[in-house]
Amino acid sequence: MAPTACFDCKEARAVIIRPKNRHKLCRACFIKVFETEVHETIIGTNLFFPGERVAIGASGGKDSTVLAAVLKTLNEQYNYGLDLCLLSIDEGIRGYRDDSLETVKRNALQYEMPLDILGYSELYGWTMDQVVEQVGKKGNCTYCGVFRRQALDRGAARLGIKHVVTGHNADDVAETVMMNLLRGDLPRLSRGTSIVTSSDASDIKRSKPLKYAYEKEIVLYAHHRQLDYFTTECIYSPEAFRGSARTLIKDLEKIRPSSILDIVKSGEDMAALVPVEVRGAGKSKQAGAEEESAGGCGSQNGRTSGGEMAAMEKQLTENDAAESLETEIKIPNGVRVKPNRGPTGKAVKAQTIKHCERCNYISSQRICKACTLLDGLNRNRPKTAIEVGVGMEDEESSSTLMRQMERAQLSAT
Amino acid sequence: MPAKELNKPCMECQDAEFELTVRKRQLCSLCFKRFIAHKVQSRLSVYRAFGLDGPKTQLLLPVSFGVSSSVLLHILNTDRQHRLDNGRPLGYDFKILVIEPSTVAATGVPFDQNYEALEKNFPMHNISRIPFHNIFDYVPEMEEIMQEYAGTKFMDDSTRSNEERLAAFRASISTPTSRTDVDTVLLTRLIVEFAKKSGCESVIWGDSDSRLAAKALAGVAKGRGASLTWQVSDGMSPWGVRFEYPLRDLYKAELLQYESVCAELSDIVIPDQPPSDNVLTKNLSIDELMLRYVQNQGAKYPGVMANVARTANKLNPSTTDNAPTCALCAGLVGNVKGNSGVTVANQAEDNHSSQFCYGCMRSRPEELC
Chain H
1 MAPTACFDCK EARAVIIRPK NRHKLCRACF IKVFETEVHE TIIGTNLFFP
51 GERVAIGASG GKDSTVLAAV LKTLNEQYNY GLDLCLLSID EGIRGYRDDS
101 LETVKRNALQ YEMPLDILGY SELYGWTMDQ VVEQVGKKGN CTYCGVFRRQ
151 ALDRGAARLG IKHVVTGHNA DDVAETVMMN LLRGDLPRLS RGTSIVTSSD
201 ASDIKRSKPL KYAYEKEIVL YAHHRQLDYF TTECIYSPEA FRGSARTLIK
251 DLEKIRPSSI LDIVKSGEDM AALVPVEVRG AGKSKQAGAE EESAGGCGSQ
301 NGRTSGGEMA AMEKQLTEND AAESLETEIK IPNGVRVKPN RGPTGKAVKA
351 QTIKHCERCN YISSQRICKA CTLLDGLNRN RPKTAIEVGV GMEDEESSST
401 LMRQMERAQL SAT
Chain E
1 MPAKELNKPC MECQDAEFEL TVRKRQLCSL CFKRFIAHKV QSRLSVYRAF
51 GLDGPKTQLL LPVSFGVSSS VLLHILNTDR QHRLDNGRPL GYDFKILVIE
101 PSTVAATGVP FDQNYEALEK NFPMHNISRI PFHNIFDYVP EMEEIMQEYA
151 GTKFMDDSTR SNEERLAAFR ASISTPTSRT DVDTVLLTRL IVEFAKKSGC
201 ESVIWGDSDS RLAAKALAGV AKGRGASLTW QVSDGMSPWG VRFEYPLRDL
251 YKAELLQYES VCAELSDIVI PDQPPSDNVL TKNLSIDELM LRYVQNQGAK
301 YPGVMANVAR TANKLNPSTT DNAPTCALCA GLVGNVKGNS GVTVANQAED
351 NHSSQFCYGC MRSRPEELC
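Protein chains in written order, with UniProt numbering: chain H, 1 to 413; chain E, 1 to 369.
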């Protein structure tokens, strides 16, 4: 069969079928079109300003390596005037993080960017390996996510940088949309898709310039530019809802390649339709770290325990049962009742931004989530963690924490 | 009078043997039907809130001969009869519309006997029956829209019959996902126009909770997230006709239970084809994939799936004042107000005209998929 010519330049031989739209492209055109799309995202959303100092959250994985490479290229090509540097977090996961940090160190040399590495042990006194030893493999992503978010912010603050970019791609964002729909989480649905997060709450702005880039194209880009990155999966597993959403998205992509982008588009539209009174409700800012955690730690496995979904199922069934016990109050005939649509009737407490009393990190609570989690870890007697758990706003993780603590105690005795 | 000797009495009336278990309660068929009917009527109570002399709202109930819409019809009819017998005000009345299934499904399902049974069992209702291709009569501008939508690959031949023209248009759409998507849009438009012409204020759809969850997930996956506020939520459709989904609190399994205790429905309902295991995922339509997903996951986590539709129902309808709407599906062209995403900007590169929304553009025949 004769070689197919590139769809764009019509000259060179096509070697790539773009996962996004199945166009057949040559190597040069693919690299160009990938970079141009990221450039358009950056311009279209006014992501940077000239002279801005930007830290790239670098894990050594494909996403952040491609992000660093693309930003360096675009910065030079389009004169963004950015001052770029790499910021890495050492979670302390042996066999996973050690090697990837070596990659980041090489990247720093290759891209001529300064690199700063911040360790969990240094910040919190606990490595992830130690956390897992204490709490078990389930639910440890909560710790990792909460700790990581703060760590990146603190690292940036230490460098005097106000903008951190992360390698979240379109697949991650689509997953988050589906996941939040599945667990009925409207507040997160309203913020999970935006390219810049939490700029209102924190001094540090966070953004994801690869938000519209397909994971598969990121891999292709890394491959064809022969980038030096580290392939591995986090050895601890992702939560059930994300696993379920991930499987679903992989199937959707097989049916219609554009669906990842289509979900992102739907998610963006729906975010704007979430009632204002629900948006900020319920979860503190640290929750944002959780929603990004699994996608951001490069974990690609779909292993699910289902525990989280089962727990929610139980809760919903109980709600249902309670509802059937309610007494209906009839409104007399002749009174026209307006349909009460949406949850507007419920008063929602406004969220106020405070600073953690211990570490001064921004929090909606007196004590920030990281410090609360640390409290649980630092106490020798696991039972006391239960009290901390109940006091926390995030019921989901508190119950998990409780169960884990109980289990830990049982096995200790 | 001595109490009846019952082995396992109904938990509600204690007066009959239990026949069905619903939400962990054992009920007799009468109490079961009452429970289901209550769930439906509470959803439609807004239409009842008039006094004795209030106007009677007309609703349109499209019946597909599937379980859900047939059960809905049965519930509404029972309630109506009950009210008439007791001299109570109706509040609303409804018309029945049948889009001939043989003109919709490719396999040409015979339905004449089912239709006869429908007329026989519900003689007091105004039942209309129209073929799918009547869309050209109900939406006169449809031929232009189709020509514009399908692009150069499709030539509309106005000398041919409407049936052939519709078939040609549908055949021009290549993938199962796009075909199902566009079919749904066309059916909705036909039903809406029929509702308007026959003076109906609202359309009451027979989507079960499970169906709505699948619709919500599929809508999101097809880039139609902004339209969920009327495709899944109760609310005003872009055509000025309200959409109601009164079965939204009931699972498909519960509707099947209802059907099993209603002898009248057995001749009307065309049973669902069991999903085939031999289809590759990539050959399914997105709607079908989501339906399967909701069914599979719903077996284990029914509440989680039900919650998807409830979540979608909480979204605010978008404010569409003067915003351009899609010529085909009436969805918003561009982004919802407040959405600064640039997916639409990326799309403009394709040099497509902007008279269609993002979701419809994805289902266009010319899309390279």
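To be clear, the hints were calculated from the coordinates, so they are not data collected in a lab. Be aware that a few hints might be false.
What the hints assert, rightly or not - Every beta carbon over 12 Å from chain H, so not counted as near; a handful from chain E, in silico:
{"id": "1", "residue": "Lys56"}
{"id": "2", "residue": "Leu59"}
{"id": "3", "residue": "Thr78"}
{"id": "4", "residue": "Glu119"}
{"id": "5", "residue": "Leu265"}
{"id": "6", "residue": "Asn283"}
{"id": "7", "residue": "Tyr293"}
{"id": "8", "residue": "Val336"}
{"id": "9", "residue": "Ser363"}
To be verified - Dumping the calculated SDA-like pairs for lysine to any residue here, alpha-carbon to alpha-carbon at most 20 Å:
{"id": "10", "chain 1": "E", "residue 1": "Lys337", "chain 2": "H", "residue 2": "Val276"}
{"id": "11", "chain 1": "E", "residue 1": "Lys196", "chain 2": "E", "residue 2": "Val241"}
{"id": "12", "chain 1": "E", "residue 1": "Lys314", "chain 2": "H", "residue 2": "Pro275"}
{"id": "13", "chain 1": "H", "residue 1": "Lys205", "chain 2": "E", "residue 2": "Ser340"}
{"id": "14", "chain 1": "H", "residue 1": "Lys72", "chain 2": "H", "residue 2": "Gly51"}
{"id": "15", "chain 1": "H", "residue 1": "Lys24", "chain 2": "H", "residue 2": "Arg53"}
{"id": "16", "chain 1": "E", "residue 1": "Lys314", "chain 2": "H", "residue 2": "Glu323"}
{"id": "17", "chain 1": "E", "residue 1": "Lys24", "chain 2": "H", "residue 2": "Gln315"}
{"id": "18", "chain 1": "E", "residue 1": "Lys24", "chain 2": "H", "residue 2": "Lys205"}
{"id": "19", "chain 1": "E", "residue 1": "Lys196", "chain 2": "E", "residue 2": "Glu141"}
{"id": "20", "chain 1": "E", "residue 1": "Lys300", "chain 2": "H", "residue 2": "Leu84"}
{"id": "21", "chain 1": "H", "residue 1": "Lys250", "chain 2": "E", "residue 2": "Val241"}
{"id": "22", "chain 1": "H", "residue 1": "Lys32", "chain 2": "H", "residue 2": "Gln226"}
{"id": "23", "chain 1": "H", "residue 1": "Lys250", "chain 2": "E", "residue 2": "Ser285"}
{"id": "24", "chain 1": "E", "residue 1": "Lys314", "chain 2": "H", "residue 2": "Glu277"}
{"id": "25", "chain 1": "H", "residue 1": "Lys314", "chain 2": "E", "residue 2": "Tyr115"}
{"id": "26", "chain 1": "E", "residue 1": "Lys314", "chain 2": "H", "residue 2": "Leu316"}
{"id": "27", "chain 1": "E", "residue 1": "Lys95", "chain 2": "E", "residue 2": "Leu265"}
{"id": "28", "chain 1": "H", "residue 1": "Lys137", "chain 2": "H", "residue 2": "Ser121"}
{"id": "29", "chain 1": "H", "residue 1": "Lys105", "chain 2": "H", "residue 2": "Leu84"}
{"id": "30", "chain 1": "H", "residue 1": "Lys162", "chain 2": "H", "residue 2": "Arg53"}
{"id": "31", "chain 1": "E", "residue 1": "Lys300", "chain 2": "H", "residue 2": "Gln315"}
{"id": "32", "chain 1": "E", "residue 1": "Lys95", "chain 2": "E", "residue 2": "Glu141"}
{"id": "33", "chain 1": "E", "residue 1": "Lys300", "chain 2": "E", "residue 2": "Ser340"}
{"id": "34", "chain 1": "E", "residue 1": "Lys282", "chain 2": "H", "residue 2": "Asn21"}
{"id": "35", "chain 1": "H", "residue 1": "Lys32", "chain 2": "H", "residue 2": "Ile43"}
{"id": "36", "chain 1": "E", "residue 1": "Lys282", "chain 2": "H", "residue 2": "Arg22"}
{"id": "37", "chain 1": "E", "residue 1": "Lys337", "chain 2": "H", "residue 2": "Glu277"}
{"id": "38", "chain 1": "H", "residue 1": "Lys254", "chain 2": "E", "residue 2": "Asp249"}
{"id": "39", "chain 1": "E", "residue 1": "Lys282", "chain 2": "H", "residue 2": "Ile17"}
{"id": "40", "chain 1": "E", "residue 1": "Lys282", "chain 2": "E", "residue 2": "Lys300"}
Small disclaimer: the values here were computed from a predicted structure and weren't measured. Ideal placement from N, C-alpha and C gives every residue a C-beta, glycine not left out.
Comparing the hints with the structure gives:
The beta carbon of Lys56 of chain E is kept farther than 12 Å from every beta carbon of chain H, the shortest such distance being approximately 15 Å. Its beta-carbon lying about 14 Å from the closest one in chain H, Leu59 of chain E satisfies the requirement of being farther than 12 Å from that chain. The claim that Thr78 of chain E is not at the interface with chain H holds, since no C-beta of that chain comes within 12 Å of its own (minimum 20 Å). No beta-carbon of chain H is positioned within 12 Å of the beta-carbon of Glu119 of chain E; the least distance is around 33 Å.
Residue placement check: Leu265 of chain E keeps its beta carbon more than 12 Å from all beta carbons of chain H (closest about 26 Å). For Asn283 of chain E, the shortest C-beta to C-beta distance to chain H comes to about 8 Å, within the 12 Å cut-off, and the non-interface label is violated. A beta-carbon of chain H comes within 12 Å of the beta-carbon of Tyr293 of chain E; the shortest separation is about 6 Å. In this structure Val336 of chain E is not separated from chain H by more than 12 Å, as the shortest Cβ-Cβ distance comes to only about 4 Å.
Residue placement check: Ser363 of chain E does not keep its beta carbon more than 12 Å from all beta carbons of chain H (closest about 9 Å). Between Lys337 of chain E and Val276 of chain H the alpha-carbon distance is near 13 Å, which keeps this suggested pair within the 20 Å criterion. For the hint pairing Lys196 of chain E with Val241 of chain E, the CA-to-CA distance comes to about 7 Å; that is within 20 Å, so the pair holds. Our distance criterion of 20 Å between C-alpha atoms is met by Lys314 of chain E and Pro275 of chain H, whose separation comes to about 8 Å.
Of the supplied pair hints, the one linking Lys205 of chain H and Ser340 of chain E holds, its CA atoms being roughly 17 Å apart against a limit of 20 Å. Distance restraint check for Lys72 of chain H and Gly51 of chain H: the Cα-Cα separation of roughly 14 Å lies within the 20 Å cut-off, and the hinted pair is therefore satisfied. The straight-line distance between the Cα atoms of Lys24 of chain H and Arg53 of chain H is roughly 37 Å, outside the 20 Å bound, and the hint therefore fails. Proximity of Lys314 of chain E to Glu323 of chain H is assessed by CA-CA distance (about 18 Å); at most 20 Å being required, the pair is judged to hold.
Taking the CA atoms of Lys24 of chain E and Gln315 of chain H, the gap is near 15 Å; set against the 20 Å cutoff, the hint holds. A hinted pair counts as satisfied when its Cα atoms are at most 20 Å apart, and Lys24 of chain E with Lys205 of chain H does not qualify at roughly 50 Å. Taken as a hint, the Lys196 of chain E and Glu141 of chain E pair is honoured in the structure, with Cα atoms around 16 Å apart against an allowance of 20 Å. A threshold of 20 Å between alpha carbons decides the hint, and for Lys300 of chain E with Leu84 of chain H the separation of about 48 Å lies outside it, so the pair is violated.
Restraint check: the Cα-Cα separation between Lys250 of chain H and Val241 of chain E comes to about 37 Å, which exceeds 20 Å; the hinted pair is violated. Between Lys32 of chain H and Gln226 of chain H the alpha-carbon distance is near 15 Å, which keeps this suggested pair within the 20 Å criterion. Restraint check: the Cα-Cα separation between Lys250 of chain H and Ser285 of chain E comes to about 14 Å, which is no more than 20 Å; the hinted pair holds. Distance restraint check for Lys314 of chain E and Glu277 of chain H: the Cα-Cα separation of roughly 12 Å lies within the 20 Å cut-off, and the hinted pair is therefore satisfied.
For the hint pairing Lys314 of chain H with Tyr115 of chain E, the CA-to-CA distance comes to about 42 Å; that exceeds 20 Å, so the pair is violated. At most 20 Å may separate the alpha-carbon atoms for a hinted pair to count; Lys314 of chain E and Leu316 of chain H meet this at roughly 17 Å. Between Lys95 of chain E and Leu265 of chain E the CA atoms are separated by roughly 18 Å; this keeps the pair inside 20 Å, and the hint holds. For the hint pairing Lys137 of chain H with Ser121 of chain H, the CA-to-CA distance comes to about 19 Å; that is within 20 Å, so the pair holds.
Distance check on the hinted pair: Lys105 of chain H and Leu84 of chain H sit about 15 Å apart at the alpha-carbon level, within 20 Å; holds. Of the supplied pair hints, the one linking Lys162 of chain H and Arg53 of chain H holds, its CA atoms being roughly 7 Å apart against a limit of 20 Å. At roughly 14 Å between alpha-carbon atoms, Lys300 of chain E and Gln315 of chain H fall within 20 Å of each other, so this suggested pair holds. Of the supplied pair hints, the one linking Lys95 of chain E and Glu141 of chain E is violated, its CA atoms being roughly 26 Å apart against a limit of 20 Å.
Taking the CA atoms of Lys300 of chain E and Ser340 of chain E, the gap is near 38 Å; set against the 20 Å cutoff, the hint is violated. Among the hinted pairs, Lys282 of chain E with Asn21 of chain H is consistent with the structure: their alpha-carbon atoms are about 15 Å apart, no more than 20 Å. At most 20 Å may separate the alpha-carbon atoms for a hinted pair to count; Lys32 of chain H and Ile43 of chain H meet this at roughly 16 Å. Distance hint between Lys282 of chain E and Arg22 of chain H is fulfilled; the C-alpha atoms sit about 15 Å from each other, no more than 20 Å.
Only pairs whose Cα atoms come within 20 Å are accepted, and Lys337 of chain E paired with Glu277 of chain H is accepted, the gap being roughly 17 Å. Taking the CA atoms of Lys254 of chain H and Asp249 of chain E, the gap is near 32 Å; set against the 20 Å cutoff, the hint is violated. Between Lys282 of chain E and Ile17 of chain H the alpha-carbon distance is near 17 Å, which keeps this suggested pair within the 20 Å criterion. At most 20 Å may separate the alpha-carbon atoms for a hinted pair to count; Lys282 of chain E and Lys300 of chain E exceed this at roughly 25 Å.
Violated hints, in rising order: 6, 7, 8, 9, 15, 18, 20, 21, 25, 32, 33, 38, 40; the structure is consistent with all others.
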